Amino acid sequence: MSRRVKKPLAKKSERGDKRGAKRSTDKRSSDKRGSGKPSFGDRGSDKRPGAAFSPRRPAAEFSRSAKPMREPRPEPVREEKPAPPPLPTKVQTVIVTADENNMRVDRFLEHRFPGLSFSHIQRIVRKGELRINGKRADSKDRLEEGQSVRIPPLKLDAPKVGGELSEAATKTLDELRKMILFEDADVMVLNKPAGLAVQGGSGMTKHVDLMLEAMRDAKGQKPRLVHRLDRETSGCLLIAKTRFAATALTGSFRHRSARKIYWALVAGVPKPKQGRISTYLAKDESEEDSIMRVAAHGDEGAAHAVTYYAVVEASAQKLCWVSLKPVTGRTHQLRAHMAHIDHAIVGDPKYFNKENWELPGGLQKRLHLLARRIVIPHPRGGFIDVTAPLPPHMLQSWNLLGLEADRFDPIENAPEE
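To get the numbering used here, take the position in the sequence shown, counting from 1, and add 84.
Misleading hints may appear alongside valid ones.
With a straight-line cut-off of 30 angstroms between C-alpha atoms, the simulated DSS-like cross-links for lysine-lysine are [claimed, not checked]:
id : residue 1 : residue 2
1  : Lys449    : Lys402
2  : Lys224    : Lys325
3  : Lys434    : Lys211
4  : Lys438    : Lys402
Here are the computed distance ranges between Cβ atoms for each label pair [unchecked claim]:
id : residue 1 : residue 2 : range
5  : Asn185    : Gly218    : 15 to 21 angstroms
6  : Pro356    : Gly382    : 28 to 34 angstroms
7  : Gln401    : Gly335    : 41 to 47 angstroms
8  : Asp225    : Gly486    : 46 to 52 angstroms
9  : Lys303    : Glu496    : 39 to 45 angstroms
10 : Pro494    : Arg220    : 35 to 41 angstroms
11 : Arg464    : Val378    : 50 to 56 angstroms
12 : Lys438    : Gly335    : 38 to 44 angstroms
13 : Arg220    : Ala269    : 34 to 40 angstroms
14 : Gln401    : Lys219    : 43 to 49 angstroms
15 : Ile425    : Glu496    : 52 to 58 angstroms
If you are wondering where the hints come from, they were derived from the structure by calculation, not from laboratory data.
The model shown is predicted, which means the values in this text are computed figures rather than measured ones.
Ideal Cβ placement from N, Cα and C applies to all residues, glycine included.
Generate the whole structure from the sequences, applying the supplied hints.
Put into C-alpha coordinates, the structure is as follows:
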(Lines of atoms letter the chains of each structure in order from A and count residues from 1; the text may use other names and numbers.)
(Lines give C-alpha, C1' and ligand atoms only; values in the text may rest on other atoms or scores of the structure.)
Protein backbone atom coordinates (compact mmCIF):
# COMPACT_ATOMS: atom_id res chain seq x y z
CA MET A 1 0.00 0.00 0.00
CA SER A 2 1.40 3.39 -0.96
CA ARG A 3 1.39 6.18 1.61
CA ARG A 4 1.14 9.91 0.94
CA VAL A 5 3.83 11.92 2.75
CA LYS A 6 3.19 15.60 3.46
CA LYS A 7 6.02 17.98 2.67
CA PRO A 8 6.67 20.74 5.20
CA LEU A 9 5.21 24.11 4.20
CA ALA A 10 7.64 26.71 2.95
CA LYS A 11 8.18 29.84 4.97
CA LYS A 12 5.87 32.78 4.26
CA SER A 13 8.66 34.84 2.63
CA GLU A 14 9.63 31.96 0.36
CA ARG A 15 6.01 31.42 -0.70
CA GLY A 16 5.70 35.11 -1.55
CA ASP A 17 8.84 35.02 -3.70
CA LYS A 18 7.55 32.01 -5.60
CA ARG A 19 4.16 33.67 -6.25
CA GLY A 20 5.94 36.77 -7.65
CA ALA A 21 8.07 34.63 -9.92
CA LYS A 22 5.00 32.79 -11.06
CA ARG A 23 3.16 36.02 -12.02
CA SER A 24 6.10 37.37 -13.99
CA THR A 25 6.56 34.10 -15.81
CA ASP A 26 2.81 33.90 -16.74
CA LYS A 27 2.99 37.28 -18.48
CA ARG A 28 5.76 36.09 -20.80
CA SER A 29 4.51 32.56 -21.49
CA SER A 30 1.15 31.41 -22.82
CA ASP A 31 -1.21 29.51 -20.55
CA LYS A 32 -1.92 25.98 -21.71
CA ARG A 33 -5.61 26.36 -21.08
CA GLY A 34 -5.73 29.40 -23.31
CA SER A 35 -3.89 27.73 -26.20
CA GLY A 36 -7.04 26.21 -27.69
CA LYS A 37 -6.39 22.67 -26.39
CA PRO A 38 -9.04 20.87 -24.32
CA SER A 39 -8.77 21.60 -20.61
CA PHE A 40 -9.90 18.11 -19.54
CA GLY A 41 -6.94 15.75 -19.17
CA ASP A 42 -4.37 18.56 -19.71
CA ARG A 43 -3.81 20.46 -16.51
CA GLY A 44 -0.19 21.66 -16.75
CA SER A 45 2.53 20.14 -14.66
CA ASP A 46 0.20 19.19 -11.78
CA LYS A 47 -1.00 15.62 -12.48
CA ARG A 48 -3.23 15.28 -9.44
CA PRO A 49 -6.90 14.54 -10.23
CA GLY A 50 -8.86 17.75 -9.91
CA ALA A 51 -5.78 19.99 -9.91
CA ALA A 52 -7.46 22.32 -12.44
CA PHE A 53 -10.14 23.11 -9.88
CA SER A 54 -9.84 24.75 -6.45
CA PRO A 55 -6.65 23.80 -4.56
CA ARG A 56 -6.88 21.41 -1.70
CA ARG A 57 -6.84 22.75 1.83
CA PRO A 58 -4.23 21.35 4.23
CA ALA A 59 -5.49 18.66 6.52
CA ALA A 60 -4.64 20.78 9.57
CA GLU A 61 -6.89 23.59 8.33
CA PHE A 62 -9.77 21.14 7.91
CA SER A 63 -9.24 19.85 11.40
CA ARG A 64 -9.33 23.37 12.85
CA SER A 65 -12.54 24.37 11.07
CA ALA A 66 -14.30 21.05 11.34
CA LYS A 67 -17.56 21.12 13.25
CA PRO A 68 -18.38 18.53 15.87
CA MET A 69 -19.98 15.48 14.37
CA ARG A 70 -23.75 15.31 14.60
CA GLU A 71 -25.51 12.23 15.73
CA PRO A 72 -26.71 10.21 12.73
CA ARG A 73 -30.31 10.80 11.81
CA PRO A 74 -32.65 7.88 12.32
CA GLU A 75 -33.58 6.04 9.12
CA PRO A 76 -36.96 7.18 7.79
CA VAL A 77 -39.69 4.65 8.23
CA ARG A 78 -40.72 3.34 4.82
CA GLU A 79 -44.36 2.67 4.34
CA GLU A 80 -45.00 -0.75 2.92
CA LYS A 81 -47.10 -0.91 -0.21
CA PRO A 82 -50.49 -2.44 0.36
CA ALA A 83 -50.71 -6.04 -0.76
CA PRO A 84 -52.64 -6.66 -4.00
CA PRO A 85 -56.22 -7.82 -3.52
CA PRO A 86 -56.59 -11.58 -3.15
CA LEU A 87 -57.61 -13.48 -6.25
CA PRO A 88 -61.20 -14.71 -6.20
CA THR A 89 -61.54 -18.38 -5.33
CA LYS A 90 -65.20 -18.36 -6.34
CA VAL A 91 -67.17 -16.84 -9.21
CA GLN A 92 -67.82 -13.16 -8.60
CA THR A 93 -69.45 -10.27 -10.47
CA VAL A 94 -67.96 -6.78 -10.48
CA ILE A 95 -69.17 -3.49 -11.94
CA VAL A 96 -67.00 -1.42 -14.29
CA THR A 97 -66.14 1.92 -12.70
CA ALA A 98 -65.80 5.33 -14.40
CA ASP A 99 -61.99 5.03 -14.25
CA GLU A 100 -62.22 1.69 -16.09
CA ASN A 101 -64.46 2.98 -18.88
CA ASN A 102 -63.14 2.09 -22.37
CA MET A 103 -60.52 -0.22 -20.84
CA ARG A 104 -59.73 -3.46 -22.66
CA VAL A 105 -60.84 -6.66 -20.98
CA ASP A 106 -57.29 -7.99 -20.55
CA ARG A 107 -56.04 -4.64 -19.19
CA PHE A 108 -59.04 -4.56 -16.84
CA LEU A 109 -58.07 -7.93 -15.36
CA GLU A 110 -54.41 -6.92 -15.04
CA HIS A 111 -55.50 -3.69 -13.32
CA ARG A 112 -57.85 -5.44 -10.90
CA PHE A 113 -55.59 -8.42 -10.20
CA PRO A 114 -51.86 -7.50 -10.50
CA GLY A 115 -49.67 -10.49 -11.22
CA LEU A 116 -52.28 -12.38 -13.23
CA SER A 117 -50.46 -13.95 -16.18
CA PHE A 118 -51.27 -13.12 -19.78
CA SER A 119 -51.77 -16.81 -20.58
CA HIS A 120 -54.28 -17.25 -17.74
CA ILE A 121 -56.26 -14.22 -18.93
CA GLN A 122 -56.36 -15.55 -22.49
CA ARG A 123 -57.39 -18.99 -21.27
CA ILE A 124 -60.43 -17.89 -19.25
CA VAL A 125 -61.54 -15.57 -22.07
CA ARG A 126 -61.12 -18.24 -24.73
CA LYS A 127 -63.12 -20.75 -22.68
CA GLY A 128 -65.95 -18.25 -22.19
CA GLU A 129 -65.54 -18.24 -18.41
CA LEU A 130 -65.43 -14.43 -18.34
CA ARG A 131 -68.65 -12.73 -19.42
CA ILE A 132 -69.80 -9.12 -19.85
CA ASN A 133 -73.47 -8.55 -19.13
CA GLY A 134 -73.96 -12.29 -19.50
CA LYS A 135 -72.29 -12.56 -22.94
CA ARG A 136 -68.96 -14.05 -23.98
CA ALA A 137 -66.15 -11.53 -24.33
CA ASP A 138 -62.92 -11.18 -26.24
CA SER A 139 -59.74 -9.98 -24.54
CA LYS A 140 -59.65 -6.98 -26.92
CA ASP A 141 -63.22 -5.86 -26.20
CA ARG A 142 -63.64 -2.44 -24.56
CA LEU A 143 -65.60 -2.09 -21.34
CA GLU A 144 -68.20 0.55 -20.55
CA GLU A 145 -68.96 2.09 -17.17
CA GLY A 146 -71.72 0.23 -15.36
CA GLN A 147 -71.29 -3.09 -17.15
CA SER A 148 -71.23 -6.23 -15.01
CA VAL A 149 -68.26 -8.54 -15.47
CA ARG A 150 -68.47 -12.17 -14.39
CA ILE A 151 -65.03 -13.27 -13.16
CA PRO A 152 -64.28 -16.96 -12.60
CA PRO A 153 -61.89 -18.31 -9.94
CA LEU A 154 -58.35 -17.10 -10.68
CA LYS A 155 -54.88 -18.24 -9.73
CA LEU A 156 -51.34 -16.91 -10.04
CA ASP A 157 -48.69 -18.86 -11.91
CA ALA A 158 -46.05 -20.19 -9.57
CA PRO A 159 -42.91 -18.01 -9.73
CA LYS A 160 -39.69 -19.57 -10.89
CA VAL A 161 -37.62 -20.91 -8.02
CA GLY A 162 -34.00 -19.79 -7.97
CA GLY A 163 -31.24 -22.26 -8.59
CA GLU A 164 -30.58 -24.75 -11.34
CA LEU A 165 -33.30 -25.80 -13.76
CA SER A 166 -34.70 -29.29 -13.56
CA GLU A 167 -33.75 -31.80 -16.24
CA ALA A 168 -37.16 -31.41 -17.92
CA ALA A 169 -36.94 -27.57 -17.87
CA THR A 170 -33.42 -27.68 -19.32
CA LYS A 171 -34.62 -29.91 -22.14
CA THR A 172 -37.53 -27.55 -22.82
CA LEU A 173 -35.19 -24.56 -22.84
CA ASP A 174 -32.95 -26.32 -25.37
CA GLU A 175 -35.98 -26.98 -27.58
CA LEU A 176 -36.94 -23.31 -27.49
CA ARG A 177 -33.39 -22.19 -28.25
CA LYS A 178 -33.35 -24.33 -31.39
CA MET A 179 -36.54 -22.60 -32.59
CA ILE A 180 -35.22 -19.02 -32.26
CA LEU A 181 -34.97 -17.07 -35.52
CA PHE A 182 -34.40 -13.67 -33.86
CA GLU A 183 -33.81 -12.50 -30.30
CA ASP A 184 -32.81 -9.37 -28.40
CA ALA A 185 -33.54 -7.97 -24.94
CA ASP A 186 -37.21 -7.24 -25.75
CA VAL A 187 -38.38 -9.54 -28.53
CA MET A 188 -38.02 -13.12 -29.70
CA VAL A 189 -39.28 -14.76 -32.91
CA LEU A 190 -39.65 -18.54 -32.89
CA ASN A 191 -39.89 -20.91 -35.83
CA LYS A 192 -42.83 -22.87 -34.46
CA PRO A 193 -42.94 -26.41 -35.85
CA ALA A 194 -46.13 -27.87 -37.29
CA GLY A 195 -48.00 -29.95 -34.71
CA LEU A 196 -46.99 -27.87 -31.68
CA ALA A 197 -49.88 -25.89 -30.19
CA VAL A 198 -49.34 -22.26 -29.16
CA GLN A 199 -51.73 -22.35 -26.19
CA GLY A 200 -53.22 -25.12 -24.10
CA GLY A 201 -56.61 -26.72 -24.51
CA SER A 202 -58.45 -29.75 -23.28
CA GLY A 203 -56.04 -32.64 -22.91
CA MET A 204 -53.08 -30.50 -24.08
CA THR A 205 -49.91 -31.35 -22.16
CA LYS A 206 -47.35 -29.49 -24.30
CA HIS A 207 -47.64 -26.08 -25.95
CA VAL A 208 -45.49 -22.97 -26.50
CA ASP A 209 -47.06 -20.97 -23.68
CA LEU A 210 -46.25 -23.75 -21.21
CA MET A 211 -42.73 -24.16 -22.61
CA LEU A 212 -42.05 -20.47 -21.99
CA GLU A 213 -42.26 -21.21 -18.25
CA ALA A 214 -38.66 -22.43 -18.57
CA MET A 215 -37.63 -18.88 -19.52
CA ARG A 216 -38.97 -17.12 -16.42
CA ASP A 217 -36.53 -14.54 -15.06
CA ALA A 218 -35.49 -13.96 -11.45
CA LYS A 219 -38.54 -11.74 -10.89
CA GLY A 220 -40.91 -14.48 -11.96
CA GLN A 221 -41.79 -12.83 -15.30
CA LYS A 222 -41.95 -15.06 -18.35
CA PRO A 223 -42.03 -14.16 -22.07
CA ARG A 224 -45.54 -13.45 -23.41
CA LEU A 225 -47.35 -14.55 -26.54
CA VAL A 226 -48.23 -11.62 -28.80
CA HIS A 227 -50.27 -13.48 -31.44
CA ARG A 228 -51.23 -17.06 -32.27
CA LEU A 229 -50.72 -19.66 -35.00
CA ASP A 230 -52.88 -22.72 -35.59
CA ARG A 231 -51.42 -25.93 -34.21
CA GLU A 232 -50.62 -27.36 -37.67
CA THR A 233 -49.27 -24.06 -39.06
CA SER A 234 -45.51 -23.65 -38.85
CA GLY A 235 -43.36 -20.53 -39.00
CA CYS A 236 -42.83 -17.12 -37.39
CA LEU A 237 -44.29 -16.74 -33.91
CA LEU A 238 -43.67 -13.42 -32.15
CA ILE A 239 -42.88 -13.42 -28.41
CA ALA A 240 -42.49 -10.40 -26.11
CA LYS A 241 -39.81 -10.83 -23.45
CA THR A 242 -40.89 -7.80 -21.39
CA ARG A 243 -44.18 -6.16 -20.40
CA PHE A 244 -43.06 -3.01 -22.24
CA ALA A 245 -42.52 -4.96 -25.47
CA ALA A 246 -45.82 -6.83 -25.08
CA THR A 247 -47.76 -3.56 -24.88
CA ALA A 248 -45.98 -2.06 -27.91
CA LEU A 249 -46.27 -5.17 -30.11
CA THR A 250 -49.91 -5.76 -29.22
CA GLY A 251 -50.57 -2.16 -30.20
CA SER A 252 -48.90 -2.74 -33.57
CA PHE A 253 -51.24 -5.66 -34.27
CA ARG A 254 -54.23 -3.64 -33.15
CA HIS A 255 -53.33 -0.74 -35.43
CA ARG A 256 -52.46 -3.13 -38.29
CA SER A 257 -48.90 -1.93 -38.61
CA ALA A 258 -47.68 -5.55 -38.45
CA ARG A 259 -47.17 -7.18 -41.84
CA LYS A 260 -47.49 -10.97 -42.16
CA ILE A 261 -46.90 -13.15 -45.22
CA TYR A 262 -47.90 -16.82 -45.47
CA TRP A 263 -47.07 -19.50 -48.04
CA ALA A 264 -49.49 -22.29 -48.87
CA LEU A 265 -49.95 -25.15 -51.32
CA VAL A 266 -53.54 -25.21 -52.60
CA ALA A 267 -55.72 -27.31 -54.86
CA GLY A 268 -56.07 -25.91 -58.41
CA VAL A 269 -54.96 -22.50 -59.65
CA PRO A 270 -56.99 -19.43 -58.56
CA LYS A 271 -58.25 -17.08 -61.28
CA PRO A 272 -57.39 -14.28 -61.37
CA LYS A 273 -53.88 -15.08 -60.21
CA GLN A 274 -53.89 -12.13 -57.84
CA GLY A 275 -56.87 -10.92 -55.87
CA ARG A 276 -58.56 -9.81 -52.66
CA ILE A 277 -60.91 -11.93 -50.55
CA SER A 278 -63.32 -9.99 -48.34
CA THR A 279 -65.97 -11.77 -46.25
CA TYR A 280 -67.50 -11.90 -42.79
CA LEU A 281 -66.52 -14.90 -40.69
CA ALA A 282 -68.36 -16.38 -37.71
CA LYS A 283 -67.58 -19.36 -35.51
CA ASP A 284 -69.78 -22.44 -35.47
CA GLU A 285 -69.14 -24.44 -32.31
CA SER A 286 -70.11 -27.99 -31.45
CA GLU A 287 -69.23 -30.30 -28.60
CA GLU A 288 -66.47 -31.93 -30.64
CA ASP A 289 -65.07 -29.09 -32.73
CA SER A 290 -65.41 -25.52 -33.96
CA ILE A 291 -65.13 -24.15 -37.48
CA MET A 292 -65.26 -20.72 -39.12
CA ARG A 293 -67.95 -20.15 -41.72
CA VAL A 294 -68.56 -17.33 -44.16
CA ALA A 295 -71.37 -15.24 -42.65
CA ALA A 296 -73.50 -12.27 -43.61
CA HIS A 297 -72.90 -8.78 -42.32
CA GLY A 298 -74.85 -8.39 -39.08
CA ASP A 299 -74.86 -12.08 -38.15
CA GLU A 300 -74.15 -12.69 -34.47
CA GLY A 301 -70.42 -13.00 -33.89
CA ALA A 302 -69.56 -12.17 -37.51
CA ALA A 303 -66.32 -10.22 -38.06
CA HIS A 304 -64.96 -8.71 -41.26
CA ALA A 305 -61.93 -10.50 -42.71
CA VAL A 306 -59.71 -9.42 -45.62
CA THR A 307 -56.95 -11.44 -47.33
CA TYR A 308 -54.80 -10.70 -50.39
CA TYR A 309 -53.47 -13.66 -52.38
CA ALA A 310 -51.05 -14.13 -55.28
CA VAL A 311 -50.12 -17.23 -57.29
CA VAL A 312 -46.34 -17.68 -57.20
CA GLU A 313 -45.99 -20.90 -59.22
CA ALA A 314 -48.33 -23.65 -60.50
CA SER A 315 -47.77 -27.38 -60.92
CA ALA A 316 -49.73 -28.95 -63.80
CA GLN A 317 -52.83 -26.90 -62.98
CA LYS A 318 -53.66 -29.34 -60.18
CA LEU A 319 -51.67 -27.67 -57.41
CA CYS A 320 -50.17 -24.26 -56.94
CA TRP A 321 -48.08 -22.31 -54.51
CA VAL A 322 -49.82 -19.16 -53.29
CA SER A 323 -48.59 -16.33 -51.13
CA LEU A 324 -51.08 -14.81 -48.70
CA LYS A 325 -51.20 -11.49 -46.88
CA PRO A 326 -53.92 -11.24 -44.21
CA VAL A 327 -55.01 -7.69 -43.39
CA THR A 328 -57.15 -8.82 -40.46
CA GLY A 329 -56.33 -11.62 -38.02
CA ARG A 330 -59.43 -13.80 -37.63
CA THR A 331 -59.32 -17.41 -36.44
CA HIS A 332 -58.57 -19.78 -39.36
CA GLN A 333 -58.93 -16.80 -41.72
CA LEU A 334 -56.58 -18.00 -44.47
CA ARG A 335 -57.86 -21.56 -44.37
CA ALA A 336 -61.51 -20.49 -44.51
CA HIS A 337 -60.87 -17.91 -47.25
CA MET A 338 -59.01 -20.30 -49.56
CA ALA A 339 -61.76 -22.91 -49.14
CA HIS A 340 -64.33 -20.17 -49.85
CA ILE A 341 -62.82 -19.50 -53.31
CA ASP A 342 -62.65 -23.27 -53.92
CA HIS A 343 -58.87 -23.57 -53.58
CA ALA A 344 -58.51 -25.17 -50.16
CA ILE A 345 -55.07 -25.61 -48.60
CA VAL A 346 -53.62 -29.10 -49.11
CA GLY A 347 -53.77 -31.28 -46.00
CA ASP A 348 -56.32 -29.10 -44.17
CA PRO A 349 -58.45 -31.49 -42.08
CA LYS A 350 -61.19 -28.90 -41.44
CA TYR A 351 -61.66 -26.97 -44.65
CA PHE A 352 -60.49 -29.25 -47.48
CA ASN A 353 -63.74 -30.77 -48.75
CA LYS A 354 -63.14 -31.24 -52.49
CA GLU A 355 -64.82 -34.43 -53.69
CA ASN A 356 -62.93 -37.13 -55.61
CA TRP A 357 -59.65 -35.32 -55.11
CA GLU A 358 -56.55 -37.43 -54.56
CA LEU A 359 -53.31 -36.22 -53.04
CA PRO A 360 -50.44 -36.64 -55.53
CA GLY A 361 -48.03 -39.44 -54.65
CA GLY A 362 -45.21 -38.57 -52.27
CA LEU A 363 -46.95 -35.58 -50.65
CA GLN A 364 -47.71 -35.85 -46.97
CA LYS A 365 -51.28 -35.34 -45.82
CA ARG A 366 -50.38 -32.44 -43.51
CA LEU A 367 -51.41 -28.80 -43.54
CA HIS A 368 -49.27 -26.99 -46.13
CA LEU A 369 -49.36 -23.54 -44.52
CA LEU A 370 -46.30 -21.57 -43.37
CA ALA A 371 -46.11 -18.24 -41.55
CA ARG A 372 -43.29 -17.26 -43.88
CA ARG A 373 -42.41 -13.72 -42.82
CA ILE A 374 -43.26 -11.08 -40.22
CA VAL A 375 -42.35 -7.38 -40.37
CA ILE A 376 -43.31 -5.25 -37.37
CA PRO A 377 -42.06 -2.04 -35.71
CA HIS A 378 -39.59 -2.76 -32.94
CA PRO A 379 -40.71 -1.38 -29.55
CA ARG A 380 -37.52 0.70 -29.32
CA GLY A 381 -37.34 1.88 -32.94
CA GLY A 382 -36.67 0.40 -36.35
CA PHE A 383 -38.26 -2.80 -37.62
CA ILE A 384 -38.15 -6.51 -36.96
CA ASP A 385 -38.08 -8.43 -40.25
CA VAL A 386 -37.83 -12.22 -39.92
CA THR A 387 -38.31 -15.04 -42.44
CA ALA A 388 -38.93 -18.72 -41.61
CA PRO A 389 -37.75 -21.62 -43.81
CA LEU A 390 -40.10 -24.23 -45.29
CA PRO A 391 -40.88 -26.98 -42.77
CA PRO A 392 -39.72 -30.50 -43.72
CA HIS A 393 -43.07 -31.73 -45.13
CA MET A 394 -43.52 -28.60 -47.27
CA LEU A 395 -39.90 -28.66 -48.45
CA GLN A 396 -40.46 -32.27 -49.56
CA SER A 397 -43.55 -31.20 -51.54
CA TRP A 398 -41.72 -28.27 -53.14
CA ASN A 399 -38.92 -30.61 -54.25
CA LEU A 400 -41.33 -33.25 -55.61
CA LEU A 401 -43.33 -30.65 -57.55
CA GLY A 402 -40.27 -28.80 -58.82
CA LEU A 403 -41.26 -25.51 -57.17
CA GLU A 404 -38.44 -22.99 -56.78
CA ALA A 405 -38.53 -21.53 -53.26
CA ASP A 406 -36.36 -18.55 -54.24
CA ARG A 407 -38.85 -17.19 -56.79
CA PHE A 408 -40.02 -13.58 -56.53
CA ASP A 409 -43.06 -13.31 -54.29
CA PRO A 410 -45.67 -11.07 -56.00
CA ILE A 411 -47.53 -10.54 -52.71
CA GLU A 412 -44.82 -7.95 -51.94
CA ASN A 413 -46.78 -5.51 -54.13
CA ALA A 414 -50.18 -6.20 -52.54
CA PRO A 415 -51.87 -3.33 -50.66
CA GLU A 416 -51.58 -3.14 -46.89
CA GLU A 417 -55.32 -2.71 -46.25
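Checked hints:
1. Lys449 to Lys402: holds (16 angstroms)
2. Lys224 to Lys325: The given pair, whose Cα atoms are some 21 angstroms apart, holds under the 30 angstroms limit.
3. Lys434 to Lys211: holds (21 angstroms)
4. Lys438 to Lys402: Distance of about 12 angstroms is within 30 angstroms: holds.
5. Asn185 to Gly218: 15 to 21 angstroms: holds (19 angstroms)
6. Pro356 to Gly382: 28 to 34 angstroms: holds (29 angstroms)
7. Gln401 to Gly335: 41 to 47 angstroms: holds (44 angstroms)
8. Asp225 to Gly486: 46 to 52 angstroms: holds (48 angstroms)
9. Lys303 to Glu496: 39 to 45 angstroms: holds (41 angstroms)
10. Pro494 to Arg220: 35 to 41 angstroms: For Arg220 against Pro494, whose Cβ atoms are near 39 angstroms apart, the range 35 to 41 angstroms holds.
11. Arg464 to Val378: 50 to 56 angstroms: violated (40 angstroms)
12. Lys438 to Gly335: 38 to 44 angstroms: With Cβ atoms ~40 angstroms apart, the hint holds.
13. Arg220 to Ala269: 34 to 40 angstroms: Once the Cβ atoms are compared, 37 angstroms apart, the range 34 to 40 angstroms for Ala269 and Arg220 holds.
14. Gln401 to Lys219: 43 to 49 angstroms: With Cβ atoms ~47 angstroms apart, the hint holds.
15. Ile425 to Glu496: 52 to 58 angstroms: violated (21 angstroms)
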